[in-house]
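A.B. asks: Chain by chain, the residues run as shown.
Protein chains: 2
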Amino acid sequence: MNRFNILKLTQKVNYSTAKSILRNKTIKTLLKEDSTNVAVRGWVRSVRKQKQISFATINDGSNLKGIQAILSSEDAEKLTTGACVELHGSLIPSPGREQTKELKVDGLKVLGECDVKRHTTEFLRSIGHLRMRGNTGSAVLRIRNAASEGLRDFFRDQEFIMTNTPILTSHDCEGGGEVFKVSPIDTTNPQEFFKKSVYLTVSGQLHAEITASAMSRVYTFGPVFRAEESLTSRHLAEFWMLEAEIAFIDDLAPLLDVTEASVQQTTRHVLETCGEDLDFFNQWVDKSLLERLHKSVDKPFIRMTYTEAIDVLQKAQSRDKTKFQFPTIWGSSLQSEHERYLASDYCSQPVFVTDYPSELKPFYMRANPDGKTVGCFDLLLPGIGEIVGGSMREERYKVLEQKMKHAKMNMEEYQWYLDLRKYGSAPHGGYGIGFERLLLWFTGLENVREVIPMPRWVGNCKY
Amino acid sequence: MNRFNILKLTQKVNYSTAKSILRNKTIKTLLKEDSTNVAVRGWVRSVRKQKQISFATINDGSNLKGIQAILSSEDAEKLTTGACVELHGSLIPSPGREQTKELKVDGLKVLGECDVKRHTTEFLRSIGHLRMRGNTGSAVLRIRNAASEGLRDFFRDQEFIMTNTPILTSHDCEGGGEVFKVSPIDTTNPQEFFKKSVYLTVSGQLHAEITASAMSRVYTFGPVFRAEESLTSRHLAEFWMLEAEIAFIDDLAPLLDVTEASVQQTTRHVLETCGEDLDFFNQWVDKSLLERLHKSVDKPFIRMTYTEAIDVLQKAQSRDKTKFQFPTIWGSSLQSEHERYLASDYCSQPVFVTDYPSELKPFYMRANPDGKTVGCFDLLLPGIGEIVGGSMREERYKVLEQKMKHAKMNMEEYQWYLDLRKYGSAPHGGYGIGFERLLLWFTGLENVREVIPMPRWVGNCKY
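Protein sequences appear in the order of chains W and V. In this text, residue positions in the first sequence follow full-length UniProt numbering: the first is 1, and each later residue adds one. In this text, residue positions in the second sequence follow full-length UniProt numbering: the first is 1, and each later residue adds one.
Bound conformation, chain W alone (with noise of 0.2 angstroms):
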């Protein structure tokens, strides 16, 4: 038997075969090789009829400016914006400032015609499922594929497990409005199929401290959901949520590590990966974002207490008294002022508040010895506000029990997450990124619905 060598985690491998199995290339690829007659398939983004010679642009996704074609005006006239073609030629050293080669077209098959007789590139842009055929689009959707490995190879280098934490769930968040349950198509009986009542998770936290309660550090990568009715640019009904769930850590010092060094090492890796796309995102829609992604990994994340902050806050309010408008009193909620004041004006760089209030935080976070806080943070960022919350985990029985008595859990429904502190239970911490939230700093979008492929939100769930 042909038996394979156990590698070990820590000895860094190359686990790619290198080998391409599809034999047509992508015009990234082929950009970066030295070959000469080569084939491209792709869509057109755009058609330039001159007498002599035309110019067409083709796009097949993989980068952000295709391949310029040159092709001869009788061929050109078999273009449309749009149309999926094939090209055949010869690649040489472009004259241009644009590109370093482009394509000398020989040959010309049209795969799948686009009538533009009637339809113009905004036309075609404005059709949702057609969008990601647009510069914006498909740079969102590099940038998403290379944030996705920048946490992934994060996580995985750190030793922690992947794990799937449940999308139905039994817990509907104590009964809170914005959970959407989930029933069989052929019935009115919502209990039927599950004998009970079952929701679509809106985090998977609980989940996720049952696995580290075994395997020490894990993480989820998945949907989440909130029936959320109100219309802003920072909530979707469908979203994902990046959750790691940490053993064995006794204080909130090693938990902000994580959460800096795994934002800042995604960061690294969407520039390094995807300069290209960022560059347009720079010229088009941000031109502080190259700036300010490079700082946010080239100097530390500032971390401040709650309480610090409050202070900060209530000295910007005595400067200009008309500086907030809700209240900057111990105890009170940070609004979207005072964490942009925070991020953007005072900090100028991510910035960890941590230790809030009890009050203000759910039942699970760890108590603070002062009685007041908890050990908690959120991770604000300049233009964006939060896009990590995290804390300990409160793991000692007695204070837990209590705690859910006061926040008035239905025990016998959470006795499984009470009893995690029964069978040997372990100091531990976690923390959730908002993907799309990421995405927006990584873009200079405004709007998460741009950053997701199909969005769904309020009254819109199409396909």
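A hint or two may mislead.
Note: identical chains are not told apart, hence a pair may lie in one copy or across any two.
[Said to hold, decoys possible] The calculated PhoX-like cross-link candidates involving lysine-lysine, where the alpha carbons are at most 25 angstroms apart (straight line), are:
1. K65 / K403
2. K78 / K422
3. K51 / K181
4. K462 / K403
5. K398 / K315
6. K19 / K295
7. K405 / K361
8. K372 / K101
9. K181 / K196
10. K299 / K19
11. K462 / K422
12. K462 / K195
13. K65 / K315
No lab work stands behind these hints: they were computed from the structure.
Fit chain V to the supplied structure of chain W, relying on the hints for placement.
C.D. replies: Frame of chain W; chain V shown alone:
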């Protein structure tokens, strides 16, 4: 401004920082390093108390066997199975055959007690949310993690873009009864939130086709849902699917190539990184496990058409009249007994069965020139049955329209899908891997409920 170098995708790099962010080390890492004075944190798996010295096994989920601790009988008195502990001591070479190093304990702290006067290990394992503390439960999670890594590494290497197809969809799969519907918790009107009926996805394929029509090579890896009422060892209400969609392939051959390579590379990654866990399953669950996994990566998968498969089955039937319960005439579905014979007995290796009769397959599969079959395949594994299904998609507007009418589809609801064939239609195909079934293949376990952390099926949705 400090600019990063743009790395090329085909230039294979190690994105890892390799720097450990958390100060405490996992047992897996400790056993590989040369540290002598160490701290170990984990859960007690077993304690053997003897007169002079005692032994305990401590596990933190990072490996199968944990670490053996040698301690005074006085210290051992403090330990119970399931307790969460912190041990300080020195790592010394072990005289035992089971491990190369063991921990000589000189300090001990119980972080979380576990009362085993009332609770045996068997009792703890019977508690659903503690089953990951056992060998099987934790080995499954490590293999699940490695299989997920292997799949993602493969698609990254092959220049696929990860996309997230939506979970909430307006398609009810033409009224099939096995769909869950979704509604806000506090309403009796299920159409209230989205202004239409919304369901949980049964497959991301149609949505992935949108993305492939812009990005060429895409994959999605997420949960899908079936309100499947029958209790079988192969069905869950919530399970994970890897779905890939590829533009610019013209026939089945390259699709089979990608499918085969993705399964083989994932298998290699699991073999390379989970040796200890596979040995465990090979010893206790399925003694042919390692042999068949190695064979499946050393030799190509078999490929036969449905028509050839029917011929094979008919010959087997004519040799032994009672071999099959269900008919083996051309046009009839392949039943489990047929699939089992083909994969386990006839091929004894993964086998692709291709080009099924059109009438047996969904509307979107591409019609073959023979007018009777479609360009599709199922991948059957010995002992498991189907784990992958895929096809070329019908990219011709008129042909697809015809097929949709024949299938009595709601044309208005699926107009967007038809329109993908109007605005630059590309030849394309794709496939979906049932992730839990793949994990049965990697573990030798027989029930999909054992390979997902928190299984949901009819009548069961705990936590």
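A.B. asks: So, for every hint listed, does it hold in this structure?
C.D. replies: So, going through the hints one by one against the coordinates:
no.	hint	result
1	K65 / K403	neither (56 angstroms within a copy, 37 angstroms between copies)
2	K78 / K422	between (73 angstroms within a copy, 16 angstroms between copies)
3	K51 / K181	neither (63 angstroms within a copy, 58 angstroms between copies)
4	K462 / K403	between (42 angstroms within a copy, 23 angstroms between copies)
5	K398 / K315	neither (40 angstroms within a copy, 69 angstroms between copies)
6	K19 / K295	between (37 angstroms within a copy, 21 angstroms between copies)
7	K405 / K361	within (15 angstroms within a copy, 55 angstroms between copies)
8	K372 / K101	neither (64 angstroms within a copy, 46 angstroms between copies)
9	K181 / K196	both (11 angstroms within a copy, 15 angstroms between copies)
10	K299 / K19	between (38 angstroms within a copy, 17 angstroms between copies)
11	K462 / K422	between (46 angstroms within a copy, 19 angstroms between copies)
12	K462 / K195	between (31 angstroms within a copy, 11 angstroms between copies)
13	K65 / K315	neither (49 angstroms within a copy, 57 angstroms between copies)
In summary, the numbered hints that this structure violates are 1, 3, 5, 8, 13.
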